[in-house]
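Asks: First to last, the sequence lines map onto chains A and B. Final position of the first sequence in my numbering is 383; the numbers increase by one with none missing. Final position of the second sequence in my numbering is 383; the numbers increase by one with none missing.
Hints are computed from structural coordinates only; laboratory data are not their basis. There is no bait here: all hints are sound.
Same chains, same label: a pair holds when it works inside one copy or across any pair of copies.
Cut-off 25 Å, straight-line C-alpha distance, at most; resulting in silico cross-link-like pairs (DMTMM-like, lysine to aspartate or glutamate):
hint, residue 1, residue 2
1, 242, 293
2, 242, 332
3, 217, 205
4, 242, 257
Protein chains: 2
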Amino acid sequence: MTAVEIPTSETGGGTQRFPADQPLRLDSGALLSPLEIAYKTYGRLNAEKSNAVLVCHALTGDQHLASTHPTTGKPGWWSRFVGPGLPLDPERHFIICTNVIGGCMGSTGPGSIDPTTGRPYGLSFPVITIADMVRAQAMLIEALGIETLFAVVGGSMGGMQVLQWAADYPEKLFSAVCIAAAARHSAQNIAFHEVGRQAIMADPDWRGGAYDLYGVKPEKGLAVARMAAHITYLSEPALQRKFGRELQRDGLSWGFDADFQVESYLRHQGASFVDRFDANSYLYITRALDYFDLAAGYGGVLAEAFRRARHVRFCVLSFSSDWLYSTAESRDIVRALNAAGCRASFAEITTDKGHDAFFLDEPALDSALRGFLSAAAERRGIA
Amino acid sequence: MTAVEIPTSETGGGTQRFPADQPLRLDSGALLSPLEIAYKTYGRLNAEKSNAVLVCHALTGDQHLASTHPTTGKPGWWSRFVGPGLPLDPERHFIICTNVIGGCMGSTGPGSIDPTTGRPYGLSFPVITIADMVRAQAMLIEALGIETLFAVVGGSMGGMQVLQWAADYPEKLFSAVCIAAAARHSAQNIAFHEVGRQAIMADPDWRGGAYDLYGVKPEKGLAVARMAAHITYLSEPALQRKFGRELQRDGLSWGFDADFQVESYLRHQGASFVDRFDANSYLYITRALDYFDLAAGYGGVLAEAFRRARHVRFCVLSFSSDWLYSTAESRDIVRALNAAGCRASFAEITTDKGHDAFFLDEPALDSALRGFLSAAAERRGIA
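Using the sequences and the accompanying hints, generate a full structural model.
Replies: Pasting the structure below:
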């Protein structure tokens with residue numbers, strides 16, 4: 001295993017490179033090497049190595065959990081929850097966030113150089129799964145010299161990684177927080193992703209995935225994909241409350257400009273997304289999500305996935321207006337955890353903000369996370 | 001007014017041409033001429049001219065209500081409800097269905113020849129509204145020599161036309177049936193349409209709307225638009241019931257082919273749609289829907305739109321799993337009808353089929369429609 005220096009500054013991280021003789025074994029049967037994992041850390045690992053928290057990001061997230069995003073210059077995607085006195089506190093926790101494999105922020109993905117050709121992988125990158133992402137994270141955690149994570153935490157696709165951690169590496173977990181996720185992708189989830197993929201692939205600048213070689217990007221297709229997905233992140237009532245039928249200008253344009261504020265908002269979401277995200281990564285990560293069905297590896301019985309995780313303290317949280325991964329799906333997870341004999345606390349947070357409540361100012365989420373992690377820290381002796 | 005021969009055969013219709021001195025006055029202020037309205041009829045107008053039923057079609061529908069579609073060769077979109085012994089019975093009713101203006105099946109639309117240039121309108125076609133569609137229908141009804149419609153019936157966008165008829169031409173209505181519709185487009189409705197429009201406009205073969213001149217069609221963009229919209233026509237439970245995570249083949253492809261049946265189904269929906277529908281018509285008709293807000297013309301008070309319709313018998317129907325135009329929106333319509341002093345019967349039909357239940361085998365819809373129209377026919381003296 002490659003040695004890595006534990007960051008001693010408040011904010012650390014870098015890129016962990018695994019050489020060719022340490023490939024990532026993928027669910028597809030392929031081997032991915034060399035493997036690189038880009039990550040950020042906040043806080044210091046304590047002497048007992050008992051205070052490490054892994055935060056797993058969602059579909060379009062990255063390792064810039066709580067530090068300025070290098071492309072957008074915006075605060076990290078979960079800055080709201082990470083900091084002194086916040087639920088994830090660098091004074092107490094050693095917080096790690098990795099870019100998932102398949103991503104486009106430094107971890108090995110379709111934009112990385114394929115060592116066999118010397119050119120970007122493009123569509124020759126192997127299809128990856130949520131379990132593959134987690135396997136890569138486990139390699140990093142081991143490289144960092146950490147045997148047990150105090151907590152693994154994530155929302156949306158991050159929550160799916162949390163469930164996969166509980167299934168595949170329960171011995172490495174003390175607690176687990178799964179927010180606004182599901183144990184499998186539904187037909188509707190797959191349908192929305194397929195629309196996005198078709199939009200990308202319909203863009204002539206996609207060039208069969210080889211756009212890097214031509215110096216172009218399928219920006220229009222990727223923007224449409226983002227727009228379609230973005231609708232699923234917001235609840236209908238929140239859209240109505242935020243935008244309703246409010247116009248951009250006085251009166252209608254009687255044309256196809258953005259007349260309504262919601263149109264302008266969506267166009268902005270699409271346009272700004274293409275500046276920070278890669279189209280092929282979008283294809284691969286949505287595919288990983290669609291392939292996700294945790295119970296499938298356990299004869300269709302979700303509880304079986306959690307049999308070895310009885311010692312793990314689970315917290316499952318959902319949002320009442322989330323129609324992407326609904327409360328019913330979180331309840332299915334809790335039911336399976338209970339059936340497996342795991343300790344699980346569950347809360348449905350009442351909000352009209354939909355799936356995206358996970359990123360937003362939602363005091364009930366803050367207090368649920370804080371309460372669960374504080375109680376777990378006491379048990380862990382790191383309070 | 002141009003004379004038109006009333007079809008005496010069981011199935012009739014044709015194209016009504018209004019000359020340049022009889023333009024359609026549009027809400028935008030523009031005049032559309034010459035105006036053509038393509039329509040089909042079923043049954044015969046009785047001597048009293050009291051048995052005419054106008055059926056208004058939805059976004060991608062057309063005049064081929066109950067006869068074979070000329071492009072697809074499939075039965076008309078509402079054949080299930082039109083025929084001897086069915087709720088709409090050519091033995092008793094004179095049933096009329098027109099292609100909306102802006103459409104692509106013979107009525108004047110963006111694919112028609114602009115008389116000022118001799119070339120297809122493309123984006124120089126004026127933006128139209130639901131009220132414009134209804135105004136054109138009223139011109140046809142008058143040309144057919146019909147003073148009062150026994151009923152105006154429609155679902156989805158057809159239901160919006162029904163509401164607009166009640167607001168603009170209540171004196172011409174005896175009864176009105178509004179199925180799975182809303183009195184205005186919500187922010188979420190607009191958002192989904194904007195995704196579709198952006199998908200079409202992102203297709204380089206759209207050519208700024210002038211694709212007809214280049215002998216190409218923005219098929220990929222239009223297919224993506226249809227796929228995104230199609231998801232909104234189905235409920236999540238119906239998608240799960242029909243497709244779940246069922247695969248196309250044994251095992252996953254580990255690639256980007258359609259692995260899941262729901263992907264294949266959506267791709268088929270997109271691919272078959274482009275054979276029968278025009279991209280610019282899709283832009284114009286979705287715009288008309290987004291502009292629809294019936295109360296806006298009445299100081300924001302929907303009831304005021306129905307003040308002159310107290311003599312009209314209304315039937316409002318919704319589907320419990322319709323999340324495009326939900327039961328709550330039908331209830332808003334009923335509340336406004338009640339506030340205006342109109343007679344309105346309302347039923348929410350329990351089904352998991354979502355918005356598309358309107359087209360499907362839904363016995364409760366059949367019996368609600370049959371019951372309402374029979375009672376109205378008795379009152380009208382045409383039973």
